[in-house]
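Order-wise, the sequence lines are chains A and B.
Residues 107 to 329 (our numbering) make up the first sequence, in order.
Residues 557 to 949 (our numbering) make up the second sequence, in order.
Everything labelled a hint here was simulated from the structure, so no lab data went into it.
Note that the structure is a prediction, hence the values are computed from the model and not measured.
Among the hints, erroneous ones may be present.
Covered stretches of chain A, as calculated for chain B (at least 3 residues, CB under 8 Å) [claimed, not checked]: (1) 146-152; (2) 213-220; (3) 229-238.
Partial list, computed: chain B residues near chain A (C-beta under 7 Å) [as the list claims (entries may be wrong)]: (4) A564; (5) D686; (6) I688; (7) L851.
Where is the CB? At the ideal position from N, CA and C, for every residue including glycine.
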Amino acid sequence: MTLVEARDLARDYRFGADDVHALRGVTFDIEEGDYVAIVGPSGCGKSTLLNLLGAIDRPTRGSVTIRGQAVGEMRDREATLFRLRNIGFVFQRFYLMPTLTARENVELPMAEAGLKSAERAARARELLAYVGLSHRERHRPTELSGGEQQRVAIARSLANRPAILLADEPTGELDAKTGAEIIELFGQLNRDGTTIIVVTHDEELAGAARRKIHMRDGRIVDE
Amino acid sequence: MVVQLAWASLRRHATRTLLAILGVAVAAAMLLDMVMMSTGLRESFRELLMSRGFQLRIAPRGTLPFDTDATITGVSGIVATLRMNPDIVTISPVLGSTIHVPIGDRTFTSATLGADPAIQGDYELLSGRDPIARDEIAVNDDFIRATGVRIGDSMRVATGYDPQLRTYSDSRTMVITGRVRFLYGAANQLATAMNLPTVQEMARLPDNASLFMIKVRDDVDVEEARAWIEAEVPRVSALSIATALEQVDQRLSYFRQLAFILGTVSLFVGFLLVTTLITVSVNERVGEITVMRALGVSKLHIVQQIVLEGVVITLSGAIAGLGLGLVTARYLNSILASFPGLPVAIDFFLFQPKAAWMSLGLLSLSGIAAGIYPAFRAASLPIATTLREEAIA
Chain A
107 MTLVEARDLA RDYRFGADDV HALRGVTFDI EEGDYVAIVG PSGCGKSTLL NLLGAIDRPT
167 RGSVTIRGQA VGEMRDREAT LFRLRNIGFV FQRFYLMPTL TARENVELPM AEAGLKSAER
227 AARARELLAY VGLSHRERHR PTELSGGEQQ RVAIARSLAN RPAILLADEP TGELDAKTGA
287 EIIELFGQLN RDGTTIIVVT HDEELAGAAR RKIHMRDGRI VDE
Chain B
557 MVVQLAWASL RRHATRTLLA ILGVAVAAAM LLDMVMMSTG LRESFRELLM SRGFQLRIAP
617 RGTLPFDTDA TITGVSGIVA TLRMNPDIVT ISPVLGSTIH VPIGDRTFTS ATLGADPAIQ
677 GDYELLSGRD PIARDEIAVN DDFIRATGVR IGDSMRVATG YDPQLRTYSD SRTMVITGRV
737 RFLYGAANQL ATAMNLPTVQ EMARLPDNAS LFMIKVRDDV DVEEARAWIE AEVPRVSALS
797 IATALEQVDQ RLSYFRQLAF ILGTVSLFVG FLLVTTLITV SVNERVGEIT VMRALGVSKL
857 HIVQQIVLEG VVITLSGAIA GLGLGLVTAR YLNSILASFP GLPVAIDFFL FQPKAAWMSL
917 GLLSLSGIAA GIYPAFRAAS LPIATTLREE AIA
């Protein structure tokens with residue numbers, strides 16, 4: 107079943123007097139349960155594409171449809187709610203809230219979604235156990251290693267049972283061994299039914315995906 | 557979670573938060589003092605005027621009570637005229653003068669008031685009894701401190717000093733019958749009280765008074781009674797509490813203006829302090845805030861969190877400032893109590909719950925306003941662009 111439909115997707119930016127064409131008409135479909143790696147050189151438009159898929163940016167032209175909803179046409183409030191319920195984000199720099207514990211970080215999207223305190227605490231524990239961090243739930247990000255922080259970020263991204271998990275260079279800040287653990291965790295997640303789209307330079311991470319989209323100069327050049 | 561995040565954010569830089577609260581407390585104390593001063597002085601004066609229930613004062617035409625040495629002649633005639641009005645229930649003529657009391661090798665000069673002790677509204681008896689006979693006198697604590705006299709002592713009391721002949725027009729021995737506190741007395745002022753006929757006799761003003769204090773029935777319109785008096789006795793000015801307060805307002809307008817300006821400055825300083833702190837704090841957390849937006853946290857919740865931080869700082873500062881303001885006001889009041897020409901019973905800084913709530917309310921509003929702009933700005937940042945810039949940074 108098709109989960110994501112991108113049609114003639116383009117995104118231009120204006121830098122001073124110049125127009126930068128970050129995406130120049132990209133079309134593809136992603137099926138439910140898929141594991142897609144978007145690869146290509148820096149500046150080829152990978153992250154821009156991920157932002158459009160995650161409803162944190164709007165296309166200059168074309169359309170993105172996720173679960174039948176036209177993401178690119180949503181107003182800010184609609185897009186915020188859509189992200190909360192349908193998208194899980196994993197960032198290169200983890201971006202955990204430094205003042206919250208690991209469990210509270212995982213609870214954050216659930217609190218926003220209106221889950222009751224006991225319910226979200228139970229789910230956060232379950233997710234931390236899933237990523238192998240049950241023993242670290244009361245630690246703050248500064249007390250965790252990079253790999254542990256990324257695991258908490260992955261647990262957080264799964265909090266509201268999103269339709270799709272978007273990861274931007276999730277192993278970019280990690281050493282090879284920790285990166286490999288995260289790649290393994292992504293594989294596990296996908297085997298358990300999570301649809302994953304990952305933007306990466308990491309050959310190993312890209313190799314773990316079922317499907318690769320190669321980009322260059324804002325276009326898909328190979329699949 | 558909004559409350560939790562706001563609290564965590566404030567605790568993250570505890571020293572900075574504490575300093576900001578202290579800054580707001582100082583501004584709040586200043587604001588409270590200024591509000592207390594702008595409303596308190598007038599209210600205190602009103603309470604003083606009303607303290608003995610006299611709603612009207614009669615002074616020589618065009619003057620205020622004891623503003624000049626002018627007196628009203630024909631006291632008995634005026635009393636007879638005033639008694640014709642059934643609305644007037646009490647008439648207390650008062651004559652002010654100066655007495656000289658030689659004790660040892662010093663002569664003490666003191667103000668004296670002559671009034672009927674049974675109905676007067678100028679002093680309260682602290683101990684002993686009222687001066688009733690023509691050789692009796694009551695004195696205040698400043699007089700006792702300066703001269704060393706006690707109740708029951710006798711002393712020579714003279715009036716009408718002629719500086720050229722160095723003689724007095726009247727001198728007699730008087731017995732101190734009581735210790736009194738003058739309601740309108742200034743700080744460190746030596747003051748005494750006698751029966752009205754005694755002062756009239758000693759001052760050689762047998763049918764004069766400096767002012768009349770008048771009580772009218774409670775169900776009567778005081779302004780109507782005032783107008784009636786001025787119509788019946790054209791050579792006097794009748795002052796109600798309201799007209800007296802108008803005069804006070806005019807004379808003390810500088811205080812109110814000063815209080816208003818300093819109060820506004822305090823409020824503005826508090827506002828700027830909180831805005832600066834919140835702006836700095838938000839700028840430090842742009843990445844976090846943008847990530848929260850990316851995760852699906854609504855703009856409203858971001859704004860609520862940041863505004864809450866401002867409100868917590870402002871309210872904590874305001875509560876601390878309330879205590880600080882009261883302590884400061886008490887200290888300043890003790891300094892200003894010796895302000896020349898003003899009764900010592902006047903409070904420059906009168907605490908009124910309404911004034912405190914007003915200060916707290918104004919500060920809370922400024923706290924909310926202080927947080928809104930940085931909060932809204934942070935919540936409205938473009939997510940994708942900000943994340944990219946954060947990653948580059």
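Can we keep the L851/B interface hint, with Cβ of chain A closer than 7 Å? holds, 5 Å
Taking the closest Cβ pair, is D686/B under 7 Å from chain A? Cβ of D686/B sits 72 Å from chain A, so the hint is violated.
Chain B over the segment 213-220 of chain A, status - at least 3 residues with CB closer than 8 Å: holds (count 6)
Okay, the segment 146-152 of chain A and chain B, do three or more residues pass the C-beta test at under 8 Å? Contact hint for the segment 146-152 of chain A vs chain B: violated, 0 residues under 8 Å.
Under 7 Å, Cβ to Cβ, is where A564/B needs to be relative to chain A, so tell me if that hint holds or is violated. The hint holds - A564/B has a Cβ within 7 Å of chain A, the shortest such distance being about 3 Å.
May I ask you to test the interface hint for I688/B with respect to chain A, counting a Cβ-Cβ separation under 7 Å as satisfied? violated, 78 Å
Under 8 Å between beta-carbons, do enough residues of the segment 229-238 of chain A, three at least, approach chain B for the coverage claim to hold? Three-residue rule not met by the segment 229-238 of chain A, so violated; n is 0.
The structure is inconsistent with the numbered hints 1, 3, 5 and 6, although it conforms to all the rest.
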